[in-house]
Structures are given as structure tokens and as C-alpha cells.
Amino acid sequence: MGPLDRYRSVLGDEEIETIRQLARPLAGAVVQHVNSTAKGGGVAEILGGLVPLMRDAGMEVDWDVMEGDARFFAVTKAIHNALHGVPAEVTGEMVQVFEEVTAKNLGLVRRDADFVTIHDPQPVGLVRARDRGRARWLWRCHIDLSDADPRVWALLRDDVERFDAAVFHLADYAQALSIPQFMIMPAIDAFSEKNVELPPEEVRSVLERFGIDPRRPVVLQVSRFDRLKDPLGVVRAYQLARTWHDCQLVLAGGGASDDPEGERVLQEVVEAVGGDPDIHVLSLPPESHRTINALQRGATVIVQKSLREGFGLVVTEAMWKGKPVVGGAVGGIRRQIIHGTTGFLVHSVEGTAFRIRQILTNPGLAHRLGESAQQYVRGSFLLPAYLKQWILALLAARHGGRGVSYLER
Amino acid sequence: MVRPFEFQNAFSLVTHTGYAADDLRSLLRGIQRVPGSSIFYHVHHSLFRRHFTTGEFMNDFARWVLLSVGEEALGERLSAVDPWQCLAIRTARDRLVDAIEGYLGSTEYGIRVPPGKRFYFTAARTFIAPTGRSARDLREFAAGVRGCGPDAIFHHFVIAPTRLGRRDNDFSVWLEGELSESALADELSRLTPYDQDLYRLRDRIAEIVERRLA
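Line by line, the protein sequences are chains A and B.
According to the numbering used here, the first sequence holds residues 1 to 409 in order.
According to the numbering used here, the second sequence holds residues 1 to 214 in order.
In case anyone wonders, no lab produced these hints; they're calculated from the structure.
According to the in silico footprint, chain B covers these stretches of chain A (three or more CB under 8 angstroms from chain B):
1) 9 to 21
2) 180 to 186
3) 392 to 399
None of the values given here were measured: they were computed from a predicted structure.
The beta carbon of each residue, even a glycine, is placed where N, CA and C say it ideally should be.
Generate the whole structure from the sequences, applying the supplied hints.
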């Protein structure tokens with residue numbers, strides 16, 4: 001069974017047939033994706049899911065990774081931070097390194113491609129290999145540019161404007177550009193270790209392994225120990241909610257050993273927890289996908305109290321598992337949570353505590369929110385929906401124009 | 001000779017218009033200036049996102065004014081701009097403009113929201129594609145409807161009538177014009193995608209047609 005057909009059980013035959021029909025005008029089209037890493041990080045993860053689906057839909061798809069040395073990636077990290085609005089110095093020497101590595105990678109571009117899709121800023125300069133051939137070029141930006149350092153953005157802008165179109169997660173991240181800009185929200189793979197259905201006994205056993213009582217309500221936040229995810233705010237919200245309703249708190253995050261700031265935040269969280277035996281701070285290795293899955297499935301309420309969030313696929317994952325989610329009203333979380341329908345949006349510690357309490361005291365509400373959240377994800381945030389949007393982006397890049405176009409059978 | 005009904009799907013990609021609003025005046029300016037496809041997108045957004053469990057079919061402008069600007073009275077007025085009542089984009093645009101202009105005329109100051117809460121006007125780039133299914137009689141039509149997904153129902157019930165500036169959905173027009181099924185056409189005309197989601201609407205249409213066949 002092909003990767004697209006696997007989704008028949010989730011989305012129904014008609015949806016899969018619809019996607020196949022939509023892809024027909026692109027049958028045999030050569031699509032090249034280029035990014036800067038084959039493993040690790042959200043871009044590699046989503047390409048790992050998208051590429052097989054595109055192939056299954058009839059396109060000839062290549063996924064290439066540009067080569068760079070440590071100096072180059074130090075430069076692109078600084079650029080990445082500056083585009084995120086984090087102060088970072090990008091010197092003339094760094095620009096030189098960026099140019100050199102870009103020039104060395106120009107040969108990576110397939111001359112016979114119908115579409116070349118460049119992901120994120122690192123390989124953006126490969127567009128200089130663009131000739132007068134038939135290929136349409138798209139720049140897929142996976143990062144939040146809403147607070148980008150204008151000096152650093154100016155370094156990339158000329159290259160970006162050589163593309164036929166740019167693709168962003170949200171309109172909030174779009175820029176003033178001379179090329180069309182499309183919005184495609186990311187998606188999750190329902191069959192990955194992170195999201196696959198788990199037997200209840202496995203969920204219970206994971207909770208018990210960490211000393212979490214499966215018979216009592218569990219409030220969970222899954223995130224790195226990062227100030228922008230506000231783990232300390234989650235602890236305070238739990239402490240407040242706890243005065244109204246019995247519950248346990250689980251803060252599950254990735255390993256912070258290579259991140260001194262993360263280490264400090266983790267330490268502060270441990271101090272804030274004090275000796276509360278009902279708060280479980282779990283620092284898990286990066287590959288703990290199935291464990292996280294079990295924790296999410298075992299939770300009563302899932303919190304994502306981010307102060308800033310690009311999209312927040314962790315919220316999508318929680319919603320897909322039919323859980324009521326309380327999320328910070330920022331970035332992509334605001335696009336996923338329809339307040340009061342697929343979860344609650346909050347702006348403060350007190351608001352978070354109030355919504356946790358409301359959900360804990362009202363199982364009917366919890367069920368309704370979770371069910372609605374799962375349906376929303378099924379319709380909009382699973383990989384086939386992402387594929388569909390990508391097909392449309394390729395067609396829009398090929399056809400140009402605005403408004404409505406008719407496709408031939 | 002019956003002209004066959006060709007079932008089609010409509011697919012939309014969200015595009016950037018370059019317009020954004022951070023207060024009521026910039027919202028008004030945007031509504032006056034953006035392309036019609038942007039008004040269409042924001043008025044019918046709940047159908048575009050295929051979210052079929054919410055009964056709160058509020059247009060995006062009303063939602064933003066209520067939740068981000070916090071102007072409840074105007075938010076309520078804008079939420080009364082019913083997508084189903086203004087299938088013509090110009091009607092929707094005029095009603096939105098009237099509501100905001102009336103409100104701005106009666107208030108002295110306006111709140112400006114921070115950057116994270118701005119309203120971004122987006123639009124829909126739509127592709128219409130044949131499903132490959134067609135119908136020449138009522139039986140084939142019923143089977144065709146059963147095989148439709150939400151993209152086809154959205155097209156025949158919302159997008160096509162809006163583009164042609166008419167009230168009736170494609171199904172009713174065909175049933176009346178080609179099969180002289182006036183009563184059936186009338187019954188389908190009374191259905192809206194805002195009373196039920198697109199999946200349930202599909203099932204309801206099929207049930208009504210199958211009942212007629214029986």
C-alpha cells in the first residue's frame with residue numbers, strides 16, 4: 001500500500017481519489033526539494049513525510065541536501081536567529097562564507113527540474129543557478145519572519161525575489177515582496193511514532209514508569225525547556241488550578257545538555273517545583289517519540305502556554321489525539337485553536353489555570369473540545385492536506401495569475 | 001437531449017494580499033480595497049477550513065473585531081453579515097463597510113492592536129477541476145452526489161453561484177433546467193452549508209434525491 005493510500009482509513013476513499021485527480025496535471029513532473037539537513041529538525045521531518053506522498057501522487061521527486069562546513073552553519077545559525085528577531089551579528093566576513101558555500105552548491109540544482117523548491121534561508125542562494133529553463137522556483141520559508149532583523153532580511157531579499165513564489169506558514173510571516181506569496185500551514189503524519197494509535201496498556205505503563213498516577217487527572221506540556229515556552233508559567237498555572245481541582249503536572253521536554261540556556265531554564269523549573277510529588281519534570285532524549293505519544297494520550301488536559309510559537313505542531317499532535325488543549329494565543333496556535341470549539345486560547349497564567357480547571361471539572365466539555373479538535377486536524381492538518389496545498393502551490397507557480405483557473409481533466 | 005451534469009471540485013490556496021489592519025480604520029480601508037477573492041475568503045473562511053463541528057459560522061472580520069480589538073458591539077454587528085445572505089461579494093463588502101463606517105462615526109477613539117494580533121487580508125487562488133463523474137438522469141445524479149467530497153459540494157453550492165452571481169446552487173439549476181424537477185430543485189435550494197457541515201450537506205442532498213427516486 002502506498003503512503004497516500006494508507007490514509008484511506010483516516011480520510012476516506014473519496015478524499016484520496018480527489019488528491020490523485022488534483023495531482024494529475026503534475027504527473028511525471030520533476031520536483032526537486034533542497035534543504036540544509038537530512039535529519040533532525042522540523043524541515044527534515046516534514047519533507048520526510050511529504051516526499052513519499054508526492055511520489056505516490058505521480059511526481060518524480062528528489063530531495064537533496066546542500067553541503068556546508070561548520071563555518072557555514074555558524075553563519076546560517078546567526079542568520080536564522082536574526083530572522084527570528086534574536087539579536088545576532090552578521091559581518092561582511094560571514095556574508096563571504098555564505099556566498100562561497102552557495103557558489104559551491106550551485107551544481108546541486110537539477111537542470112531538468114520542472115519545479116525547484118528551496119527550503120529556508122540556508123540554500124536560498126541556489127536560485128542564482130536559475131536559467132531560462134522551464135523550471136518554476138519556490139522558496140519555502142519555515143520560520144517566523146514577523147520580527148526579522150531588517151538588515152539581515154535585506155541580505156536575502158534579492159535572492160528571494162528571483163523565485164516565482166514564496167511560501168509561508170502564516171500570513172503574519174509574509175513580507176513585502178514583488179513575488180506572489182502563498183500560505184501553507186504544516187501538518188503531521190498520523191502514522192509516525194509520535195502520532196500512531198497506542199494500546200491503552202502501553203499508555204498506562206509509560207505513565208507508571210514515570211511515577212504518574214493514571215487514575216488521577218494529568219495536565220501535560222511537551223516542550224523544550226525554553227523561556228518562550230513558559231514552563232515556569234505552566235507550573236504557576238498548575239499550582240493555581242490545583243487549589244480548585246486535584247491534578248498532576250507533567251512537563252516533558254527534550255534533552256537540554258547542548259543548550260546552556262535550556263539547562264538554566266530546566267534548573268529554574270526544578271526549583272519552582274520544590275518538593276511537589278505531583279509535578280513530574282521529564283528531560284527526555286530527542287528520539288522519545290513514542291513516549292511523548294503515550295504521555296499525550298494519557299493526559300487529561302494538554303497545555304502549550306507558549307509566549308511565541310512558529311506554528312506549534314505539538315498542539316496539532318495533541319489535538320489529533322482528541323485532547324482538550326489550552327494554548328497561548330500566539331503564532332500558529334491561534335490558527336489551530338478555535339477558542340471554545342477546538343480548545344481554549346489564553347493570555348496569562350491565571351487564564352491558563354482557569355481553563356485547566358474548567359476542563360477538569362467538566363468531562364463533557366473536555367470530550368467535546370477534544371472531538372472537535374481531532375476533526376479539525378483530520379480535515380486540515382494531516383499530511384495529505386499538506387500535499388494537496390503543495391500541489392496547488394506548484395500549479396499556481398506554473399499557471400501564474402489570480403482568482404480562479406479551470407484545470408483540464 | 002439532457003445536458004449532463006459534470007461534478008467538479010474546487011481547491012483553494014491561500015495567498016497574501018499585502019493588506020493588513022491593526023485598528024478599525026485600517027480594517028475599513030482594507031475591506032474597501034482588497035480583491036473580491038479576499039472578501040470571499042474571509043466571509044466564508046469556516047468553509048475553507050473544512051471545520052464542520054463549530055456552529056459559530058462567524059466571518060473573520062467579526063471574529064477579529066470581537067476577539068482582538070475587543071469592540072463587542074461592532075463585532076456583533078459584523079457577525080450579522082451572514083455569508084449565506086450575501087453570496088455576491090459586493091453585497092458583503094458593502095455591508096461590512098456600512099457597519100464599520102457607522103460605528104467609527106459614533107466613536108471618538110480606536111484601539112490599535114499589537115503586531116501579533118494584526119488582521120492579515122488573505123485571498124483564495126482557486127482551481128476548479130473535473131471529478132470525472134457526470135450524471136444524465138436522477139439515478140446517476142444521486143450516485144454522483146454520494147461520491148462527492150467537500151471540495152465538490154463547496155464548489156457547486158458556494159463558489160459557482162458566487163462567480164455567476166446567482167442565488168441557486170448548481171444542483172438545483174440543473175435539476176430544474178434539464179430534468180424539470182422543480183420541487184426537488186426547490187428543496188435543495190433551501191439547504192445551506194451553514195446549517196450543517198459540507199459532509200452532512202452532501203448526505204442530506206443525496207437522501208433527498210434518493211427519496212425522490214424511491
